[in-house]
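The listed protein sequences derive, respectively, from chains A and B.
UniProt numbering applies: residue 1 is where the first sequence begins, and numbers increase by one.
UniProt numbering applies: residue 1 is where the second sequence begins, and numbers increase by one.
Keep in mind the hints are simulated off the structure, nothing from the lab.
Backbone N, C-alpha and C fix where the C-beta goes; we use that ideal spot for every residue, glycine too.
You may find that some hints are simply not true.
[Unchecked claim] If you only want the chain B side, here are some residues facing chain A, beta carbon under 7 Å, derived:
1. P100
2. F179
3. L233
4. F236
5. S249
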Amino acid sequence: MTLTVTRSRRAAHSAPSARWRSRKVQGWLYAAPTAVIVGVLFLAPLVLVVWMSLNRWPLLGQATFNAPANYVKIADNPLFLDAVVFTLKYTAITTVLLSGVALGLALLVQDRRPGIAFFRTAFFLPGAVGFAAAGLLFYGMLNNDFGPIDPMLQALGITSEPVKWIGTPNMALFSTITLVIWRFAGFNMLILLTGLQAIPTEVYEAARSDGANRWQIFTRITLPLLRPTLALMLILSVTGSLLAFDQFFVFTNGGPDNSTVSMVMVVYRDAFFRFDLGGAAALSVVLLVALVGLNTLMMRRLR
Amino acid sequence: MSRYLTLSALAVLFLFPLVWSGYASLEEPSNYLEMARFGEGIDTYAVNSVLVSVMTVGGTLVVSALGGYGFARFDFPGKNVLFLATLAILMVPYATILIPLYVLLGYLGLQNSLVGLSLVFVMFQLPFALFMMRNAFEALPRELEEAALVDGCGTFRAFARILLHAVRPALITVGLFAFLASWNDFFAPLILLNDGSSFTLPVAVVSMTQHTFGAIDYGMLQAGVMVMALPCLVLFIVLQRHYVRGFMSGALRG
Chain A
1 MTLTVTRSRR AAHSAPSARW RSRKVQGWLY AAPTAVIVGV LFLAPLVLVV
51 WMSLNRWPLL GQATFNAPAN YVKIADNPLF LDAVVFTLKY TAITTVLLSG
101 VALGLALLVQ DRRPGIAFFR TAFFLPGAVG FAAAGLLFYG MLNNDFGPID
151 PMLQALGITS EPVKWIGTPN MALFSTITLV IWRFAGFNML ILLTGLQAIP
201 TEVYEAARSD GANRWQIFTR ITLPLLRPTL ALMLILSVTG SLLAFDQFFV
251 FTNGGPDNST VSMVMVVYRD AFFRFDLGGA AALSVVLLVA LVGLNTLMMR
301 RLR
Chain B
1 MSRYLTLSAL AVLFLFPLVW SGYASLEEPS NYLEMARFGE GIDTYAVNSV
51 LVSVMTVGGT LVVSALGGYG FARFDFPGKN VLFLATLAIL MVPYATILIP
101 LYVLLGYLGL QNSLVGLSLV FVMFQLPFAL FMMRNAFEAL PRELEEAALV
151 DGCGTFRAFA RILLHAVRPA LITVGLFAFL ASWNDFFAPL ILLNDGSSFT
201 LPVAVVSMTQ HTFGAIDYGM LQAGVMVMAL PCLVLFIVLQ RHYVRGFMSG
251 ALRG
C-alpha cells in the first residue's frame with residue numbers, strides 16, 4: 001500500500017520534470033542553427049578582427065605578432081585622416097538633407113486620400129533598386145555625352161555648358177548626395193510614416209478644437225510625438241553615412257584626386273590594394289568601437 | 001489640388017531616373033547583346049546571383065523559423081544571451097567584420113564560394129528575421145499548437161504541419177527582405193569573391209566601368225542596371241504590403 005503510494009508519487013513528480021527537461025532540449029535544438037550562425041559567422045569574426053589587428057597579417061603568408069604597430073601607424077595614414085574629415089562632412093550634410101526630404105515626403109503622403117498609394121510607391125521605388133545599380137544609373141545619367149541631364153539643363157537655359165558632375169570635389173559630393181537622397185528618401189519616409197500613423201487622430205482633433213493652427217500642430221504635437229521615430233531614422237542615417245562605401249566606389253571611385261575617399265574605402269584599399277589585412281583590421285576595430293559608442297550615445301540621448 | 005501638383009512633380013523627379021535608364025538601355029537593342037557577351041557572359045553572373053539569393057532566402061527562412069519557434073515557445077538556458085547576441089549583429093557595422101570574415105571563410109574552405117557568401121548574408125539577415133519570426137509565433141494562439149499535440153503530433157510535426165502555415169505572412173516578409181539584400185549587395189561579394197567566374201551581378205556590372213580598356217559602353221551599362229533592378233522593382237510592387245509590414249513590426253528598431 002505504502003509502496004504504491006510512493007511509486008505513484010514519484011511518477012507524478014518525475015513525469016513533468018522529464019518533460020520539462022525534454023522541452024529544454026527541444027528548445028535548444030530549435031535554436032541550434034541560430035547559435036551556430038551567430039557563433040561562427042558573427043562572434044568568431046569579432047574576436048578574429050581584434051586578433052588580426054595585433055598582428056602583421058599579409059594577404060598571403062604567415063602572420064606575426066606586432067602589437068601595437070597597426071594602431072600606431074593609423075596616425076601616419078594621411079589617406080585615412082583625410083577620409084575621416086570627408087566622411088564626417090558627408091554624414092552631416094547627408095543626414096540633414098535626407099531627414100528634411102523624408103519628413104517632407106512623409107507629411108505629404110500621411111493622409112489617406114485618393115491616389116496616395118501611387119505616390120508612396122513612386123517615392124519608395126528607388127529604394128528597391130540596389131545601391132550599386134543606383135550608382136551606375138546616376139553614373140550614366142550624369143555623363144556629359146550620354147546622359148540626358150546636361151541637354152535638359154541647357155535647353156531650359158539653366159546652364160550653358162556641360163556640368164562637371166563628378167569632376168570637382170564639391171560637385172562630386174553634391175552629385176553623390178543627390179544620388180543618396182534619391183535612393184533613400186522613400187525608405188526614410190516609410191520609417192517616419194509608421195511613426196506618424198501611430199499618433200492618434202483624437203490628439204489632432206483636440207488641438208484643432210483648441211484653435212491651434214497648422215504650424216502649432218506641427219511643432220507642438222507632430223514633432224514631439226514623432227521624436228522616437230525621428231531618432232531611429234537619424235541613427236540609421238548617421239550609421240549608414242559613416243560607413244559609406246558603395247556610392248563612392250561605384251559612382252566617384254574616390255575621385256577626383258582622392259577627394260571622395262570614405263573611411264570604409266581606406267579599409268578596403270589597405271586590405272586588397274596594399275595587402276595589409278592587419279592594418280585594415282586595426283582600422284575596422286577603431287571604426288567598430290567608435291560606431292558602437294556613438295550608437296549607444298545617440299540611443300540614450302535621443303529617446 | 002496644389003498638394004497633388006506637388007506630389008506629381010515629386011513623383012516625376014523620383015521616377016525619371018528609372019524610366020530614363022530603361023529607355024537608354026533599349027535605345028540600341030544591341031546593348032543587351034553586348035551585355036550578354038560581357039566578361040564570362042551575363043548568364044554566368046545572373047546564375048550566380050540567383051543561386052546566392054535562393055540559398056540566402058532558403059537559409060534565412062529555415063534558421064529564423066526554427067529559431068523563432070524555439071524562442072517563442074520554449075525555455076532553455078542561455079536563451080536570453082543568444083537572443084541578445086543575435087540582435088547585437090545590428091549594432092556592429094557590417095563593413096567592419098567583412099575583413100575577418102574573408103579570413104575565416106578561408107579557414108572553413110569557403111573562400112571565393114557562393115555558399116560562403118550566402119551564409120554571411122544569412123547571418124546579416126538574422127536579427128531582423130529572428131525578431132519577426134519570434135513575434136509571429138508568439139502571436140499564434142496556444143490552442144493551435146495544443147490541438148496538434150493532442151492529436152499525437154510531436155512538437156516538430158505540429159511546427160512543420162500547422163504552425164509554419166499560420167506564420168506564412170511573416171515568412172514572406174522575411175524572405176522578401178533577404179532576397180532584396182542578397183540580390184543587391186555589393187560590398188560583401190566584392191570582398192568575399194575574387195574570381196571573375198563567381199561574381200554576382202552587382203560586382204560584374206560595376207566592373208564594366210572599371211576594367212574596360214578604352215571607352216565605357218554606357219548603353220550596355222544601363223542594360224546591366226535594368227537586369228539588376230527589374231526583378232526587385234517587380235517583386236517590390238507585387239509584395240509591397242509584406243514589405244511595409246516589416247517596417248511596422250518594429251523589427252528595424254532591434
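At a threshold of 7 Å, is the proposed contact between F236/B and chain A supported by beta-carbon distances? Given a least distance of 4 Å, the restraint on F236/B holds.
Using 7 Å as the Cβ threshold, decide whether L233/B counts as touching chain A. 6 Å, holds
Min Cβ distance, S249/B to chain A: is it shorter than 7 Å? 9 Å, violated
Interface hint check: P100/B, Cβ to nearest Cβ on chain A, cutoff 7 Å. Holds or violated? Given a least distance of 4 Å, the restraint on P100/B holds.
At a threshold of 7 Å, is the proposed contact between F179/B and chain A supported by beta-carbon distances? F179/B check fails; min Cβ-Cβ to chain A is 11 Å, beyond 7 Å.
Going through the hint list in order, the structure does not satisfy hints 2 and 5.
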